[in-house]
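S.K.: So the chains spell out like this:
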Amino acid sequence: MSGQQAELPDLWQGLAAIVRRDLLLAWRRPGDVLNPLFFFAMVSTLFPLATGPSQEQLQLNGPGVLWVAALLAALLSLNSLFLSDYEDGSLDQLMLSAQPLPLLAFGKSFSHWLVGGLPLVLVSPLLALTFQLPARTVGVMMLTLTFGTISLSLLGSIGAALTVGLNRGTALLSLLILPLAMPVLIFGARTVALAATDDAVAAGVYFLAAYCMLALALAPFATAAALKISNE
Amino acid sequence: MTALLQADDLTLFRGDRCLFQGLRFALDAGELLWIEGPNGSGKTSLLRAMAGLIELETGNIMWNGTNAIRHRQRFHGNLAWMAHKIGLKGDLTLLDNLRFESGLRATDWSRLDAILKRLSLSKLTALPLRSLSAGQQRRVTLARMLLADASLWLMDEPFTNLDTAGRDLVTKIVVEHLAAGGMAVVASHQAMQIDAPVRRVLLT
Amino acid sequence: MWTYFHKLASPPHFYALSAKLIPWLAALGVILVAYGTFAGLFLAPPDYQQGDAFRIIYVHVPAAYLSMMAYMIMAVSAGIGLIWRMKLAHAVAAGAAPLGAWFTFLALITGSIWGRPMWGTWWEWGDPRLTSELIMLFLYFGYMALRSAIDDTARADRASAVLALVGAVNVPIIHFSVEWWSSLHQGATLVRADGPAIQSAMLYPLLAMIFGFTFLFGALLLQRVRTEVLYRERRARWVRSLLLPAEGSA
Numbered sequence: 001m002s003g004q005q006a007e008l009p010d011l012w013q014g015l016a017a018i019v020r021r022d023l024l025l026a027w028r029r030p031g032d033v034l035n036p037l038f039f040f041a042m043v044s045t046l047f048p049l050a051t052g053p054s055q056e057q058l059q060l061n062g063p064g065v066l067w068v069a070a071l072l073a074a075l076l077s078l079n080s081l082f083l084s085d086y087e088d089g090s091l092d093q094l095m096l097s098a099q100p101l102p103l104l105a106f107g108k109s110f111s112h113w114l115v116g117g118l119p120l121v122l123v124s125p126l127l128a129l130t131f132q133l134p135a136r137t138v139g140v141m142m143l144t145l146t147f148g149t150i151s152l153s154l155l156g157s158i159g160a161a162l163t164v165g166l167n168r169g170t171a172l173l174s175l176l177i178l179p180l181a182m183p184v185l186i187f188g189a190r191t192v193a194l195a196a197t198d199d200a201v202a203a204g205v206y207f208l209a210a211y212c213m214l215a216l217a218l219a220p221f222a223t224a225a226a227l228k229i230s231n232e
Numbered sequence: 001m002t003a004l005l006q007a008d009d010l011t012l013f014r015g016d017r018c019l020f021q022g023l024r025f026a027l028d029a030g031e032l033l034w035i036e037g038p039n040g041s042g043k044t045s046l047l048r049a050m051a052g053l054i055e056l057e058t059g060n061i062m063w064n065g066t067n068a069i070r071h072r073q074r075f076h077g078n079l080a081w082m083a084h085k086i087g088l089k090g091d092l093t094l095l096d097n098l099r100f101e102s103g104l105r106a107t108d109w110s111r112l113d114a115i116l117k118r119l120s121l122s123k124l125t126a127l128p129l130r131s132l133s134a135g136q137q138r139r140v141t142l143a144r145m146l147l148a149d150a151s152l153w154l155m156d157e158p159f160t161n162l163d164t165a166g167r168d169l170v171t172k173i174v175v176e177h178l179a180a181g182g183m184a185v186v187a188s189h190q191a192m193q194i195d196a197p198v199r200r201v202l203l204t
Numbered sequence: 001m002w003t004y005f006h007k008l009a010s011p012p013h014f015y016a017l018s019a020k021l022i023p024w025l026a027a028l029g030v031i032l033v034a035y036g037t038f039a040g041l042f043l044a045p046p047d048y049q050q051g052d053a054f055r056i057i058y059v060h061v062p063a064a065y066l067s068m069m070a071y072m073i074m075a076v077s078a079g080i081g082l083i084w085r086m087k088l089a090h091a092v093a094a095g096a097a098p099l100g101a102w103f104t105f106l107a108l109i110t111g112s113i114w115g116r117p118m119w120g121t122w123w124e125w126g127d128p129r130l131t132s133e134l135i136m137l138f139l140y141f142g143y144m145a146l147r148s149a150i151d152d153t154a155r156a157d158r159a160s161a162v163l164a165l166v167g168a169v170n171v172p173i174i175h176f177s178v179e180w181w182s183s184l185h186q187g188a189t190l191v192r193a194d195g196p197a198i199q200s201a202m203l204y205p206l207l208a209m210i211f212g213f214t215f216l217f218g219a220l221l222l223q224r225v226r227t228e229v230l231y232r233e234r235r236a237r238w239v240r241s242l243l244l245p246a247e248g249s250a
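Chain order of the listed sequences is G, X and L. Under this note's numbering, the residue at position 59 of the first sequence is numbered 59, and the numbers go up by one with no gaps. Under this note's numbering, the residue at position 157 of the second sequence is numbered 157, and the numbers go up by one with no gaps. Under this note's numbering, the residue at position 64 of the third sequence is numbered 64, and the numbers go up by one with no gaps.
These are computed hints drawn from the structure, not numbers from a lab. One should not assume that every hint holds.
In silico negatives: residues of chain L with every beta carbon more than 12 angstroms from chain X [claimed, not checked]: (1) P11; (2) K20; (3) A34; (4) Y65; (5) I80; (6) A154; (7) L165; (8) A168; (9) S182; (10) L220.
Lysine-lysine pairs mimicking DSSO-like chemistry, simulated, CA-CA at most 30 angstroms apart [to be verified]: (11) X:K123 <-> X:K172; (12) L:K87 <-> G:K228; (13) L:K20 <-> L:K87; (14) G:K228 <-> X:K85; (15) X:K117 <-> X:K85; (16) X:K172 <-> X:K85.
Here a beta-carbon is modelled for each residue, glycine too, at the ideal position from N, C-alpha and C.
Bound-form chain G, shown alone:
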């Protein structure tokens, strides 16, 4: 018996533990990674099929279409973020673990990004090719998508925490998160479009970085509050 005052746990260890666990779980279920990727690719293909193969149109719409597709693909994997933990009682254990809940919430958001956001970023150059976007846009696209998908994972975690266990959760989650995600979408897509026309992109990138920082600072706390409310 270690006595009444157990020492407080190491926070880095706790963060590493939850990220590791979620990555292990995603490894056991490859669909979690692959489904959003396929969705991203398919939605990006839908638009050229619908609007025609004219190069001018593709290049004009490319950044926007890719960004919307990435947004929707990231949303797709958010609904189940807390669902299994909620259903099997792991969420109770997480909340009672003496680790700060915002830290654990951040860990879950981070592993969601690693599984459902980062792959989108890595695949985006290929899709940019199909839209015949100039090579100089690829770097900007990956950078903006990185900031954007991180922000989405963080924002989306709040929505997922608020709607965990509710009927029609996915539709509701989208309704909650999409309005909040619009600034990210606007700046992301427009910045890539600016890169395509060889204009200055610094402003857009800075904005996305700033928004990402804001989300990093605030979202875990909102997610933790939402989890406590939903778990009652």
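Given chain G, work out where chains X and L should sit, using these hints.
M.R.: Same frame as chain G, now just chains X and L:
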């Protein structure tokens, strides 16, 4: 002398229903608190409220002199939770699950082998948890509690899915825990035959 | 002073107080709106640029301003309810949401009608105000959808409070990003309500409409909150004695 765990004036509403009002109890080292009552009387809610998962309408919970609701982290560092849902990942192996738990807390990993042997789980470490039987899974939750080395155990219906041998094992482990100076709060609609000082709270 | 606030937070006290306030707010609102409408339609001279079309600002501007004020009221009272666990605050947030959504809708409709003679189209994505009003409408929908998806009132209150606060943080960001985005859009004619210096003959009716709408909003909000309070406290003794006087006898 104030007890280690002291609860005063606990009131909880679920929706419009008042589950309990003005409840008070105290618990000291080596003692067991048995929350008894029929199904639906609020035992689980009381336990969850004690753990801090549900907000009480009114009430104070003092742990070793400090307010357990306000200083949650320290309180949680000292408690281990066992409920009807096992709180483990079916896709991961027993070892992965316990390794995760020990990553969250400061645990002594070297005790693992002895614990697994005690609970007859040593041969099941490499299997995904969902291929274990319900009784075996419940024993894994016991392993988690032993590994956590917390002084206060909160247990909600710990005998579910266990046969007589399993129930005896749980009782034995709880008694050992109490004898070593630990405390346990058990919610159970079944009577508990236990060789230790027992305080009772009855919910109707 | 604190006892006053404490009293204010008590539902029966609020119920009684609001009963006295509503007629005054409604009366003031109707008078101001009546004056504003008449003056706006008949007394204010036509705009040198837009002719008579500008007159819709007398509805559009108050509606737009109230749509944002309602959101702030919703977010602030939700925050108060969440932090200080005041049930009445949650009732205010619940009552403000549908009202805010209606005013947003009104702002969008009048904005669109205004835009038609200006831009030639019923909708102009290049106008940042219109676009951010649309996003605000979605924010309201999300809030109301979340509320209705959760059965337990307490959980619904608290969850939607978190959402309202997160939304409140994002509202300025959304406005700013839409402004930046629309400034990149070529060929949009930005119609601004607070454009060049506005003459007093045009201004007074506008002020009257703004205040009048606000008073009416206040009256409507109080009425909605009264209903919310009655529903939430339906099992309390004071409600029963209020609604069932015959039963009140010992």
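S.K.: The structure should be examined with respect to each hint, and the outcome stated for every one.
M.R.: Right, here's what the structure says about each hint:
{"no.": "1", "hint": "P11", "verdict": "holds (15 angstroms)"}
{"no.": "2", "hint": "K20", "verdict": "holds (30 angstroms)"}
{"no.": "3", "hint": "A34", "verdict": "holds (44 angstroms)"}
{"no.": "4", "hint": "Y65", "verdict": "holds (37 angstroms)"}
{"no.": "5", "hint": "I80", "verdict": "holds (17 angstroms)"}
{"no.": "6", "hint": "A154", "verdict": "violated (8 angstroms)"}
{"no.": "7", "hint": "L165", "verdict": "holds (18 angstroms)"}
{"no.": "8", "hint": "A168", "verdict": "holds (23 angstroms)"}
{"no.": "9", "hint": "S182", "verdict": "holds (44 angstroms)"}
{"no.": "10", "hint": "L220", "verdict": "holds (28 angstroms)"}
{"no.": "11", "hint": "X:K123 <-> X:K172", "verdict": "holds (22 angstroms)"}
{"no.": "12", "hint": "L:K87 <-> G:K228", "verdict": "holds (18 angstroms)"}
{"no.": "13", "hint": "L:K20 <-> L:K87", "verdict": "holds (21 angstroms)"}
{"no.": "14", "hint": "G:K228 <-> X:K85", "verdict": "holds (17 angstroms)"}
{"no.": "15", "hint": "X:K117 <-> X:K85", "verdict": "holds (24 angstroms)"}
{"no.": "16", "hint": "X:K172 <-> X:K85", "verdict": "holds (22 angstroms)"}
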